[in-house]
Structures are given as C-alpha cells and as structure tokens.
Amino acid sequence: MSRYYRATGINLKRQPLGEADLLLTIFTREQGLLKAVAKGARKARAKMGGRLDLFVVNDLQLYSGRSLDQVVQAETLHSFNRLSRDLGRLGSAQYWAEAVLAEAVPGQGHPELFDLFLEHLGRLESCATPEIMAQLVHGLYQFLQVSGVAPVVDYCTSTGRVLSQEAAGFSLPLGGLVATECLSDLTQTQPVTQEQVNALQWLPQPVLPPELLVHPIWSDVERLLRRYLEFYLQRSVRSADLLAVCLA
Amino acid sequence: MYTRPLARLIDQLQRLPGIGPKTAQRLAFYLLKRPKQETLQLAQSLIDATEQIGVCRQCFTLSAEDPCDICSNPNRELSQVCVVAEPRDVIAMERTREYKGRYHVLGGLLSPMEGIGPEQLKVKELVQRVNRDEVGEVIMAINPSVEGETTILYVGKLLKPFTKVTRLASGLPMGGDLEYADEMTLARALEDRRELI
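Just so you know, the sequences run in chain order A and B.
Those letters in the first sequence? Residues 2 to 249, by the working numbering.
Those letters in the second sequence? Residues 137 to 333, by the working numbering.
Isolated chain A, as found in the complex (with noise of 0.2 Å):
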C-alpha cells in the first residue's frame, strides 16, 4: 500500500523544529487535524515557505512516516492576503483557529466546519474593519453550532419556553439562555439584557442583518460567549486575551 497521501488543508499552526524544519497543524477537509513535519520549509529559498504560512489553503501530498507524515508538495488553493494586513483580522482569525483547534479531532474528517471556517476567513477578509467584531461573534457561534455544542438561544434551556426578545439570563452549565423566572434557581448564570437576546438569536442565521453589522453589542456577546467556551472547553481563550489590543 502506497505510503503517499493527499489531502486538502488550512494551515493552523506552525512551529519551527530541528535547523530549518518546520513541524506544521493542519485542519483537512477529508482527515481532521493532522500534525506534519515540511523539511527545510523555514529556510529563505524553500519552495513551499509561503505555501505554510497560517490561513493558506493547500493540496498537499503527504507521505504517512513512522512517528510523523511529512508534507512532500504543497500546491495553493487560496490564501487569505489580505487578514495580514490588518491586526483586527488577523486577531480574530486567530482566535478562530484556536477555537477549530479545539473543535477538530485527528483523524477524522469533519468537512462542513471545514467549508464553513473558510467561507468565514472569507468574509473577515473582505469586511469593513468596523464590521470585525460582528464576523468574529458569528463566525465563532456557528463553529460552534456545526460543531453540535452551541448555546441554545432560542428556548430557556431550563423550561424550555421559546424566548422572544426580551431579557433573559445565560446559564454556563445549562449551555444557553434561560427565562428570567429561572435565574434565582441557578448557579454560574448572568443576567443579560434584552438587546443582547436580540443579538444572540441572529447568530444562528447563515448571515447577519446590514443594520447589526456595526454595533457596540457585539464585544458585550463576545465575552459571553468567550465564557461560554472556557466553560465547555475547561481552559481559557488565549486569542481572545489579546482581542481588545488587537481591535483597539
């Protein structure tokens, strides 16, 4: 059986190894997360130097080696010029990534998380900088939500009522929000306000309203989801400890 592989992949991580080596995490469409080492990839006259470079999309060929595969050919399908271009995008990007890192498994293919973090690195590309912080929110619940562990923000997690716009409470270990009846029963639950519900119920749809894209809400329901994740993922985001900088 042929040794040699191919697969189709967002680069995530990348960290030097050996004199000029490379040892490289991949999210892949057909295979998950993959770690593979690219040999002499660090040095000036590599031919696939820029090829790794984080949020380049690449069909890779990939030979399966004894403790690691190693990336023989690296042909781009797409990068994302444009994030490196400005600290906003880029520090979102890479919370996402971080977010991916956490959601996809090694070994097993998971191609609509896939589909979906390109289309949104797609649209924090193009944004307009004020909209960053709304693409970033979005981007991130529906990660979640494709990942089958978003919160739940349109019933009371606790009765199951259908909420409509009004003020609720968010509950940690419940996963969403709940009515505002139930807030003095629970435990790790914050209150939050009605625009808040507002916002949290579009994150769902595919694409958010024009008139929502640039609003000050958003850093209000980033941070409730940032707990949210930290409480699922039982560690902190640090990405996002470096969001306000990056956004500022």
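Rather than coming from a laboratory, the hints here were simulated on the basis of the structure.
Don't take every hint at face value.
Unchecked claim - Here are the computed distance ranges between Cβ atoms for each label pair:
{"id": "1", "chain 1": "B", "residue 1": "326", "chain 2": "A", "residue 2": "44", "range": "15 to 25 Å"}
{"id": "2", "chain 1": "B", "residue 1": "148", "chain 2": "A", "residue 2": "20", "range": "15 to 25 Å"}
{"id": "3", "chain 1": "B", "residue 1": "162", "chain 2": "A", "residue 2": "188", "range": "51 to 61 Å"}
What the hints assert, rightly or not - To be clear about the criterion: a stretch of chain A counts as covered by chain B if any three or more of its residues have a C-beta under 8 Å from a C-beta of chain B, and this derived list gives those stretches:
{"id": "4", "region": "9-22"}
{"id": "5", "region": "51-61"}
Stated by the list, open to error - Below, computed lysine-lysine pairings styled on BS3-like, alpha-carbon distance capped at 27 Å:
{"id": "6", "chain 1": "A", "residue 1": "36", "chain 2": "A", "residue 2": "14"}
{"id": "7", "chain 1": "A", "residue 1": "40", "chain 2": "B", "residue 2": "296"}
{"id": "8", "chain 1": "B", "residue 1": "258", "chain 2": "B", "residue 2": "236"}
{"id": "9", "chain 1": "A", "residue 1": "44", "chain 2": "B", "residue 2": "236"}
{"id": "10", "chain 1": "A", "residue 1": "44", "chain 2": "B", "residue 2": "158"}
{"id": "11", "chain 1": "B", "residue 1": "158", "chain 2": "A", "residue 2": "36"}
{"id": "12", "chain 1": "B", "residue 1": "258", "chain 2": "B", "residue 2": "296"}
{"id": "13", "chain 1": "A", "residue 1": "14", "chain 2": "B", "residue 2": "293"}
{"id": "14", "chain 1": "B", "residue 1": "258", "chain 2": "A", "residue 2": "14"}
Just so it is clear, CB atoms sit at the ideal spot from N, CA and C, and this is done for glycine as well.
Add chain B to chain A, keeping to what the hints say.
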C-alpha cells in the same frame, strides 16, 4: 548501562535542540575520545559564555558588555533603530554590512494563539527608547509570517505617532527561480515592485 558521569553527560546533551538519544551518545563518546585538553576547553567555553554573556540594557541583544559593542559605537547612527525578534537576527542583519544604525531585540513575536502578548516582549522599552532618543526611523526586520505580521502591525500602530516606521521588503530571493516561487511571495513581490532607476 553507562557509568554514572557518562550517563549524566548523555542526559545533558539530549536536552539540546535537535539532539536525540543516539546522537547524544555519539557526541558523548566523541568528546571522551578527544584529547582531554580540548574537551576541557569546550567545557570552559560553556562556563565562560554562561557567566559572562548577559543582555544589553539598551537593545536587549546578547552581549558580554553592557551596553553592547553596537550601542556603544559612536559611529553608529542614533536616529535609526532596526527592530528584530531574536538576538540571532542581529547577526543576520550585521552580515549584510549595509545597515549602520542600532538595534532593538523584542525577544520573540506576538502570538495570540500561544498567549504571547506585548507585555512578554520588549515593546514598552522600544516605545520609551524611540521617544527618549528621538529616533527618526524604525525598521521592522521581522519574519513575514502571521506572527511576524501581527507584531509588525501592532508595533507600527504604537510607533507611528512618534516616528517613521518601515519594514523590510519581501519578495524573491537572490538567485531564486520565478517558476518555483510560491503565490504569496510572488503576489507580495508584485505589490511592492519598484521603478527602475
């Protein structure tokens, strides 16, 4: 299996980057085979380097003197500061013999995913230095990777109100072949093209 001092030597060598157990064993046996004087000289060099090399308090490069040779050289231009990520980048820039200004070593790159923020790097010190020394130009000599771009954009944003900030051009390497250049490098080279003089 090994006599105790030899096992300790192999264990220490194994901790070096890129050295596995087999290479460590080979190096240890090689060192023990060399004339005793040579091996002791190597050991003394390690001790001297560890004890004498510190960090220059102006530019944060590794140096046996403080300030370092570059910072204390009066012939170096005070108005130009080249910002690099690591001390080894200073050596790479010096090899060009083209740059006559001074340096500032950040000590790494901003990496949100790894949790490396501006407070872990010498960014605050750079801003203070630029204001104190009335620096006319800051040259960002940083790797063109995502972490590098994040660092360039962040530092540029902080420094732009005080001084001119430039970055190294990126494009095709000398002697490189256009056919084998990747799309990103070619696109950047095309974007930053310049008129023939």
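Review point. Which numbered hints turn out to be false for this structure?
Key: 7
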